[in-house]
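Using the hints provided, position chain B relative to the given structure of chain A.
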Amino acid sequence: MVSLFLSEVKRSWIQFVRYPSEAITLTITFIAIFLGLFYGFQYMAGGTTQFGDRLDKIIISYLLWSLTLYALTGMAWTIQNEAQAGTLEQVFLSPYGPIVVFMLRAFADLLVQLAVIVTAFTSIILITQRKDIDFTPLAILPLITVMLATYGLGYVMGGLTLIFKRIMNLIQLMQFVLLFLVMTPVEDWEGNWRIATHFLPMMPGAGMIRALAINHAPFDPLQFAVSLANGIAYFLLGAYLFHLAEKSAKMKGLLGGY
Amino acid sequence: MPILEAKNLYKTYAARGKTTQAVRDVSLTLEVGEVLAFLGPNGAGKTTTIKMIAGLVTPDAGTVRIDGLDPHNDAHALRSLGAVLEGNRNIYWRLTAEENLLYFGALRGITGAEAHVRAVELLGRFELLDKRNATVQTLSRGMQQKLAIAVALMHRPRLLLLDEPTLGLDVEAAETVKELVKEISQEGHAILLTTHQLDVAEEISDRVAIIRKGSIIAEEPTQELIRRFCGTAYTIEVGGELTPAQLAKLAELQALVKQQQIEFLGDADELWQVLEILKPLPLKRVVQDQADLTEIFLRLVREGNDG
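Note that the protein sequences, when read in sequence, are chains A and B. Quick note on numbering: the first sequence equals residues 1 to 258 in our numbering. Quick note on numbering: the second sequence equals residues 1 to 307 in our numbering.
Pulled out of the complex, with its shape left as it was, chain A reads as follows (with noise of 0.2 angstroms):
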């Protein structure tokens, strides 16, 4: 499995940099949008002095989203394009079996992302004098449980799309509803409403994330376990989802079709 996940990581690279006017543009775009987010949000607040917390809060979210939206969307757009491809029959062919494959693939992937991400992140820094986000390596950890459960709710998007082969209209929508999971600020809330995201895939790992890195909070064992909890749950209910939608998908002999 080691070797596999070796192959992925180097297949991905390679498709990645093999055409480099698309790996620029990809990095670039990224770049541009969140300039645009910044500034525009910057003159509509006025330049208030008070402002600089939610610009960093607003640069944690922005990049969480991205990742998580990538993760999101991944598996279902690699499924499409294998389709399409006419190579996804030959990914169901592996005797590791299609959720281990594809979830090394995601893993690979985000790897790939990340070098976007780290480049961007670190062009946004330098573009936007913001030098005070403390970026804790503890932040990791509630990443992590954020990561879980987006995988999770990837493995419904990829189990959608073996079934119905194009969900363009559902991946649009998911941009959506991941910047209300990832960008809410439930750190700052408080009583019930705060128990109920806990059962929201996400919302407490990226909450957590914020706190510490943005709030200077200490790390809290009880919301990890608590983010934890949720990020398995979901990732574990999203696989097996997928499995139920590859079985449906072969009942109906729907995997070759795109």
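To be clear, the hints were calculated from the coordinates, so they are not data collected in a lab. Positions of the beta carbon are idealized from the N, C-alpha and C atoms, including for glycine. Any given hint might turn out to be false.
Unchecked claim - One side only, chain A facing chain B, incomplete, derived with CB under 7 angstroms:
id	residue
1	Ser7
2	Phe92
3	Lys250
4	Gly253
5	Leu254
6	Leu255
As the list claims (entries may be wrong) - Which chain A residues stay away from chain B? Per the calculated CB distances, all over 12 angstroms, these:
id	residue
7	Phe38
8	Gln42
9	Ser61
10	Gln84
11	Thr122
12	Gln175
13	Asp188
14	Pro221
Using the frame of chain A, we list chain B on its own:
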């Protein structure tokens, strides 16, 4: 033990309130080193059967065993299986020939070191060494097909499924692929092959199975099937124009008319019926032919359609 045992496979598809029985009671077995040509008209159920064997389509009933394992429930069965599926590219166009081989080797579960050795071996064997660093999209159709077969062989599967491997290839490329299939079977791989090029099937298959409307209508060793039909094929040449009435009667007997030449498969009694229809046209030539697989296939399929 046969490498492939597919027993009593059934598959029905339902779409828009209409059901289509794609495969009915199909059974196939294949021994190591054997080539089985699986023939049938478009929509007869060949691809559905192949995909049920590969575990890509779930049968409504019946069982599949590859090397004794069920590909629908045991992923280990897939280690003994390689497939090149019809209508698919089967390989990644943005990767080079060698990168494809290495990636699919890992996907099929072999180690990186083993994959490197095997990739070079297959590139040499399939005469693609000089194209190892060329991306697939720059290769000719014939080279792409050779590469797809090489990719399917990376993990040394005992059973190889080839769905229309010569489709869309020029004569030379098709000839190369045909030779490769022969060589691969001689090395001990069992091959299940579908093709519309019946001369290819006749030349390289040990056995033939013909499927029509989802059911197997003939299955026997290729040469036995041909022998069985030998002496029943005739070519008749006449010296004048056939009337519409004569053409209609000949069509009823499944005779093929090409201008003034009539090709006919049947016994002696039926031959006299044809000659009776041709009366009073002058006969220039009546020759008993050696039947080939194409004629046999057409006859069996047409008989089935009429029945």
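Hints and how they fare:
1. Nearest Cβ of chain B to the Cβ of A/Ser7: about 4 angstroms, under the 7 angstroms cut. The hint holds.
2. About 6 angstroms separates the beta-carbon of A/Phe92 from the nearest beta-carbon of chain B, less than 7 angstroms, and the hint is met.
3. With a cut of 7 angstroms, the hint placing A/Lys250 at the interface with chain B holds, because the nearest CB-to-CB distance is about 4 angstroms.
4. Because the beta carbon of A/Gly253 sits about 5 angstroms from the nearest beta carbon in chain B, less than 7 angstroms, this interface hint is met.
5. Interface hint at A/Leu254: violated, since its Cβ lies 9 angstroms from the closest Cβ of chain B, which is beyond the 7 angstroms cut-off.
6. A hinted interface residue such as A/Leu255 counts as satisfied when its beta carbon comes closer than 7 angstroms to some beta carbon of chain B; here the least separation is about 5 angstroms, so the hint holds.
7. Annotated as non-interface, A/Phe38 keeps its C-beta farther than 12 angstroms from every C-beta of chain B; the closest such distance is 34 angstroms.
8. Every beta carbon of chain B lies more than 12 angstroms from that of A/Gln42, the smallest distance being close to 40 angstroms; the non-interface claim holds.
9. With a cut of 12 angstroms on Cβ distances, A/Ser61 stays outside the contact zone with chain B, its closest approach being about 33 angstroms.
10. Consistency note on A/Gln84: stated as away from chain B, yet its beta-carbon is not over 12 angstroms from all of that chain's, at 10 angstroms minimum.
11. For A/Thr122, the shortest C-beta to C-beta distance to chain B comes to about 28 angstroms, beyond the 12 angstroms cut-off, and the non-interface label holds.
12. Once the 12 angstroms rule is applied to beta carbons, A/Gln175 is consistent with being away from chain B; the minimum gap is 26 angstroms.
13. Non-interface status of A/Asp188 relative to chain B is upheld: no Cβ of that chain comes within 12 angstroms, the nearest being about 45 angstroms off.
14. The non-interface label for A/Pro221 is consistent with chain B: the shortest C-beta to C-beta separation is roughly 39 angstroms, beyond 12 angstroms.
Of the numbered hints stated above, those contradicted by the structure are hints 5, 10, listed in ascending order.
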